[in-house]
Structures are given as structure tokens and as C-alpha cells.
Amino acid sequence: QKEVEQNSGPLSVPEGAIASLNCTYSDRGSQSFFWYRQYSGKSPELIMSIYSNGDKEDGRFTAQLNKASQYVSLLIRDSQPSDSATYLCAVPRRDKIIFGKGTRLHILP
Amino acid sequence: DAGVIQSPRHEVTEMGQEVTLRCKPISGHDYLFWYRQTMMRGLELLIYFNNNVPIDDSGMPEDRFSAKMPNASFSTLKIQPSEPRDSAVYFCASSSPPTSGPSEQFFGPGTRLTVL
Numbered sequence: 001q002k003e004v005e006q007n008s009g010p011l012s013v014p015e016g017a018i019a020s021l022n023c024t025y026s027d028r029g030s031q032s033f034f035w036y037r038q039y040s041g042k043s044p045e046l047i048m049s050i051y052s053n054g055d056k057e058d059g060r061f062t063a064q065l066n067k068a069s070q071y072v073s074l075l076i077r078d079s080q081p082s083d084s085a086t087y088l089c090a091v092p093r094r095d096k097i098i099f100g101k102g103t104r105l106h107i108l109p
Numbered sequence: 001d002a003g004v005i006q007s008p009r010h011e012v013t014e015m016g017q018e019v020t021l022r023c024k025p026i027s028g029h030d031y032l033f034w035y036r037q038t039m040m041r042g043l044e045l046l047i048y049f050n051n052n053v054p055i056d057d058s059g060m061p062e063d064r065f066s067a068k069m070p071n072a073s074f075s076t077l078k079i080q081p082s083e084p085r086d087s088a089v090y091f092c093a094s095s096s097p098p099t100s101g102p103s104e105q106f107f108g109p110g111t112r113l114t115v116l
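Chains as they are written, first to last, in the working numbering: chain A, 1 to 109; chain B, 1 to 116.
Simulated from the structure, these hints should not be mistaken for lab results.
One thing to keep in mind: the hints can contain errors.
Unchecked claim - Within a straight-line C-alpha distance of at most 20 Å, the following computed SDA-like cross-link-like pairs (lysine to any residue) qualify:
| # | chain 1 | residue 1 | chain 2 | residue 2 |
| --- | --- | --- | --- | --- |
| 1 | A | Lys2 | A | Gly29 |
| 2 | A | Lys42 | B | Gly3 |
| 3 | A | Lys42 | B | Ala2 |
| 4 | A | Lys2 | B | Thr38 |
| 5 | A | Lys2 | B | Gly59 |
| 6 | A | Lys2 | A | Tyr71 |
| 7 | B | Lys68 | B | Pro81 |
| 8 | B | Lys78 | B | Asp63 |
| 9 | B | Lys24 | B | Glu11 |
| 10 | A | Lys96 | B | Ser27 |
| 11 | B | Lys78 | B | Asp57 |
| 12 | A | Lys42 | B | Gly42 |
| 13 | A | Lys96 | B | Thr76 |
| 14 | A | Lys42 | B | Pro81 |
Make a model of the complete structure from these sequences and hints.
The following block contains the structure:
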């Protein structure tokens, strides 16, 4: 079992709708999680981090963590074409970060 | 700050040639990471340094790959000899030490390597 698993997509969502991106992880001891966004041909950039169970909101983005189910999600409200990108779920492991393969999100105008 | 700087941005070479990728981390960051990204395997950590010392090179695929960090502002990733399966985007990232939680890694623009 991979440490971090994501559906590769593509996930197509109409503009203005909610995009829901999901991630599962294998290590029950994981305490914190990152979401990185990567536009085509660009490098990954951090957009959200979450450390405790529940929801964390930042503008149109909400990260959700359920440690019992070993499940992390990212919700994007009022999706915009500029949200079209690959979203990488990542789990810090001491000094380094383990990345999922990412989910490609396509917002349909 | 200029961010993480990588060179070259694109490299096309022939099988068997030596390839050297370069990275300048963000000033003050004492962690440096080398990643490789492909469609099939995603973003893979190759090696990382702390205070110029290699900490974990378990991701380096084979002896053809080597990395050095002679000082706090410069690192190289070398492939010798290169093979077509090495074709990928290679990213360098840097971060400051973790404090109350894990540190964000800042990525460079990447080097797109094509080995013919």
C-alpha cells in the first residue's frame, strides 16, 4: 500500500460548483498534511496545511481531516477556470514530505 | 528573494552523456531536496541535505546518480551516463528547519531533461 494515495483523475467540475479532492494515507501516526497545487509546466506550491481533525477554511478552500478514517480532502467552492491544475496531497515525514501522485482537476467554463 | 533557482531549465542530451543539474536554494534555508517527476511515478524524492550534509539518499535510483552540496548556496545533481529512462522534470526545493510544525518546501522552476 502506498503511503499517500489519490485518484489521478481527471476530475471535471463545472465553473461555480464545488470541487472535492480526496486523499488517503497509510501511516496512522501522521499528524499533519499539506495540499500543493501544480499548474501545468510549473512547480508545486503549498496552498493549505492541516494539523488537527476537522475543517480548516482559507477563502474558497477548505481542508478536511479525518484521522480515524485516515482521510484528507480539499474542497474548492465556487470553482474557477484558474483552479484547473493538479493537486498533490502530501504527508510530512520528519524532515521530508511524501507526495501523492496528484489529482488533475479541470474546471469547465 | 529570488526563490529557488535551477539551471538549466531545459536539457536535451544523448544517451551516455553526462548531465549536471544545478540548484541555488533560498538564502537562510538549510534543507535542500532533489525530486524527480514523471507521469508514471509522480513526484519522487531522490535525496535531501541538511546543512550541506546528505541525510537520506535512499531515493537515488542507482549509482549513475550523484548529488553534492559544497556550500549552503549551491547543489548539483549529476547523471553519468544518462539513459532515456532518466527523462523527467527534476525539481530542487528548499526549506527552513521545522519549528512548531513541519516546514513548507519551496520549489524551483524545475529542469526538464530529455535523454535521446
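For each hint, the structure was consulted:
{"no.": "1", "hint": "A/Lys2 to A/Gly29", "in the structure": "15 Å, holds"}
{"no.": "2", "hint": "A/Lys42 to B/Gly3", "in the structure": "14 Å, holds"}
{"no.": "3", "hint": "A/Lys42 to B/Ala2", "in the structure": "16 Å, holds"}
{"no.": "4", "hint": "A/Lys2 to B/Thr38", "in the structure": "17 Å, holds"}
{"no.": "5", "hint": "A/Lys2 to B/Gly59", "in the structure": "15 Å, holds"}
{"no.": "6", "hint": "A/Lys2 to A/Tyr71", "in the structure": "14 Å, holds"}
{"no.": "7", "hint": "B/Lys68 to B/Pro81", "in the structure": "17 Å, holds"}
{"no.": "8", "hint": "B/Lys78 to B/Asp63", "in the structure": "10 Å, holds"}
{"no.": "9", "hint": "B/Lys24 to B/Glu11", "in the structure": "18 Å, holds"}
{"no.": "10", "hint": "A/Lys96 to B/Ser27", "in the structure": "19 Å, holds"}
{"no.": "11", "hint": "B/Lys78 to B/Asp57", "in the structure": "13 Å, holds"}
{"no.": "12", "hint": "A/Lys42 to B/Gly42", "in the structure": "14 Å, holds"}
{"no.": "13", "hint": "A/Lys96 to B/Thr76", "in the structure": "19 Å, holds"}
{"no.": "14", "hint": "A/Lys42 to B/Pro81", "in the structure": "27 Å, violated"}
Going down the numbered hints, you'll see the structure goes against just number 14.
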